[in-house]
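Chemist: Sequences listed follow chains Z and D, in order.
Numbered according to this note's numbering, the first sequence terminates at residue 749, and the numbering increases by one at each position without gaps.
Numbered according to this note's numbering, the second sequence terminates at residue 255, and the numbering increases by one at each position without gaps.
If you are wondering where the hints come from, they were derived from the structure by calculation, not from laboratory data.
Misleading hints may appear alongside valid ones.
Footprint (simulated), chain D over chain Z, 3 or more residues, beta carbon under 8 Å [claimed, not checked]:
#	segment
1	412-422
2	713-720
Cross-link-like lysine-lysine pairs, in silico, DSBU-like; alpha carbons within 30 Å at most [what the hints assert, rightly or not]:
#	chain 1	residue 1	chain 2	residue 2
3	Z	K710	D	K205
4	D	K151	Z	K691
5	Z	K688	D	K205
6	D	K120	D	K163
7	Z	K718	D	K120
Since this is a predicted model, take the numbers as computed values, not measurements.
C-beta atoms are modelled at their ideal positions from N, C-alpha and C, and glycine is treated no differently.
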Amino acid sequence: MSTKRDGNIIQLEDGWNNVIRQGVSRRSESAASSSSRALHGSLPPPSSDQYYFRTCYDMCTQRSPYNWSRDLYTRHGETIQTYLRSTVLPALQDKTGQGGTILLNELKHRWSNHQIMNKWLKKFFTYLDRYYVKHHSLPTLEQAGLQHFKTEIYQNSKENTTTAIISLIDEEREGEIIDKTLVKSIVELYESMGMGSLDSYTNDLEQPLLESTRAYYGRKREDWIARDSTPDYLIKAEKALGEEKTRVVEYLNPATEPKIRRVVEDEILQKVQMNLLEKEGSGCSVLLANDKTEDLQRMFQLFSRLDSGLQPMANIVEKFITSQGNTCIDKRQARLDSGEKDKNDDPEFVKSLIDLHEKYLGVIRETFSNHHLFGKALKNSFEEIVNNDVGQFSNAELMSTFCDRILKSGGEKLSETEVEQSLDRIVQLFSFLTDKDMFAEIYRNQLAKRLLNQRSASDDAEKAMIAKLKVQCGTQFTSKMEGMLNDLAVGSEQKSEFDQRMEQQETKLSFGVQVLTIGNWPSYKAPEVALPPQMRKCMELFKEWHDAKHQKRRLTWVHSLGNATVRATYGKKSYDLQVTTLQAVVLNAFNDGKTYGFTELKEKLNLDDITLKPLMHSLSCGKHKVVTKSPASNKIQSTDSFSPNAKFTCNMRKIRIPVASVESSHNKSRVEEDRSVAIEAAIVRIMKARKTLPHQQLVAEVLSQLAFFKPQPRVIKKRIEALIDREYLERSSENTQQYNVSLLGFIEI
Amino acid sequence: MWGSPSSSNSSSRRKGVSSSRRGGSSSSGINESKAEKLFEDLCDDDDNAASMEGEILCGVVDDNNNMIATTSSTGICKLCEQLSMDPLEDVRVLVLLWKLGANKKPAEIQKEEWMEGCHKLQVDSIDKFRKLVPGLDTGFLDREEFSDFYKFCFQFNRAGTHKTLEKDLVVALLKMCLVGGRITAHRLDTFCEFLETTKDEGYSKITLDQWRSFLDFSYEYPDAKALKAYDEGMSAWPVLMDEYVEYMENLEKKK
């Protein structure tokens, strides 16, 4: 062995053969033995490393032409190459065909060897790495070593390796236990072969794995879908997805996770989505019908993974809820068909709708995590259900009467919280109505009746309901209702003042007046009945007092609404008859004890047939016949005559004599009129702002501005024509389908 | 029909054209005093403007404003007689009145309108009027002119201050002025049938908008084939047209 110390040049072959090679072969020998102990155990002492390093150093720093850097670099590569070719590759090829695990183990062993050898060689030739490599921009020794492995070993065995891994994975999928550590090491090999990128792994392992995964789950899917019910299938799908996710964590590269997930989702969910949803006997609607919360939840979570995977499910939910609603409607129809009286009150039906809504609100909350698509499905279906009227009375009316029951005294017996809850729920149902203005009209009429007849159970409840409607629809919607409540509140404030005034006079009648602001209240007939003088005096008193307080207001008396208590004495007994003002006026007419014909009474009292007939009926044909009719019958004829019933008697002292109400429950034509006005106002507003618009756009904007009802396009068109006629609009001369605003009509404003 | 209320008299005096060029021929080519005399001859003797109601194109009212159908020609009827045109049947009467410019009030032509019209048409005698008659056919009018004339037909036949025409009058007028190829006979017939048979109270009176739209609509959808392309959802045509299309569709279905 010649060293530099001797002052002699180291010749290439000398240095190489005598020094380096020995070191290399010793390393590879120890590496060749399969036991890992050999690799780490019997290592030559560090001092000899120094020797090899020194030799290399010397050989690389000798002056030209004895600078062996290039040769050493080349021979480093060749050494590895040769070793791989002559030793490693044959060993591997030998193991091929003996089963995947054996091959993989061998590969793992060889790879690990190589890594160690690479490391040692690098140590020997470090000097090259520092200067020669850098100077010539060559791959580092490590990179070179790796590249050789890749070229010689990896490229030749990657296909078999991949196949081996994939079949192991398939085994594991079938439930077998496999050597995960082994697979993980091989995966690391692939990763390293990318030399800084993940390309080798991606192309040589991941890609084939994805394809085989696709094939695998394709087969599974066909198998499952043929045999399993939807819930069972979904359980398997969920399990499979979980397993694949774990697999990646355990021995694959993280980049694979989303890719494999998408493949599996595609194969086992996307491709059979409609099949699963619509499966007979176990599809989505069946699950809904049987309240299978857990299965639906699983279905929801699994389909959430897919792009637009929830819309089909939401559609089925919508259809289902609609059909449930239609069942409620059909039940109502059936009751009507079987002879039940068609009234404006059907609490059973309304409650069934409320319950249905509550149920599915809960389902959407619990099972579908309040996802907006399902909320929309519920809304769509209820919009269809709630506007589907059967029978004479609209659902709007049924709902309003439902409220009436809750709000009037003597109606449902509910606690305060129950009232609050019921009102909340009915307002939710109300929000789906198209004809909200119709509801408002009916509600106002019923509210008026409650208020005027003192049949309102709780002022707070009335206010609460109005407040809820206001939140839904805005101030304009509830202004009249609030006005009504306000009138009463003001009235009761002023009542004590007027009472004092009354006390100053000496009237035998106790007398109270409720002042209503016209416009807030429904319109009532105000018959100019001929009143007895005592009544007239009271009225004049009030008018005087009122006019002094409010000069600008004009009073109109509505006697058809008032109530009275009449002390009636029949023989020795006295009774307190609770009647309406008009009934009281009629009774008073009989105070002279005479008999009156119907026509006579009409003239005397200045009432028409429509008003007088029910009055006479109530007094002479009802339960308490305080007046005798002749001839006796149940129908009032204009030829009848009446006299006080001398024989009248009753156990009770206080007697209420009801009279049939003449007022209809609500005024349909008023709503129609209001609608025409609202449509025209919207058109004018829009055209003033836009100056010119095509027809379709105008119609669309009008519809968007009308919150409380939805008119047909022809109805809107008629209003447009009316406005053209009144010269607020004109047709554009350039375009027959466009309108311009016309200033002519606005001059009057 | 022949209105010479005081206002128009004063305005005709105010108007430079008639008063300053009295007597003799003027630079416009007609003899104004002759034209004026013609007007006065044809006018009602007692100078009362006759108001009109209903379908009759000439008539006169009595003190109680009751309509008297008169066989003795007054005003327009007199002129028609002299020109051998039947005012109830002959659309050329309307064309003449339109050309003369009888726009101010329905069913009458006022003096200044008459004078201006005579200037425009270069007439000052019955003979010259007679020479005009052959050219009064609606076929001579182009599309724009006809549309204007068509509007005039409606406006002229209104009663007093009313803005609408009775349905029956509308049908009669349509048949009178739209005959001759302007629109297809099929369209005219079916539309009149539709009007006559519809039970909708709203159509007992027809507005100007509806009247004019019918013509424009028929230009755009001339025949049954074109009607198939009609889309109610997109259209701004009056509801009357929508219902006519529906009527035609139902007729088709019945076949």
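Chemist: Next, verify each hint and record whether it holds.
Modeler: Hints versus structure:
no.: 1; hint: 412-422; in the structure: violated (count 0)
no.: 2; hint: 713-720; in the structure: holds (count 5)
no.: 3; hint: Z/K710 with D/K205; in the structure: holds (28 Å)
no.: 4; hint: D/K151 with Z/K691; in the structure: holds (25 Å)
no.: 5; hint: Z/K688 with D/K205; in the structure: holds (29 Å)
no.: 6; hint: D/K120 with D/K163; in the structure: holds (29 Å)
no.: 7; hint: Z/K718 with D/K120; in the structure: violated (41 Å)
Checked against the numbered hints above, the structure breaks hints 1 and 7 and satisfies the rest.
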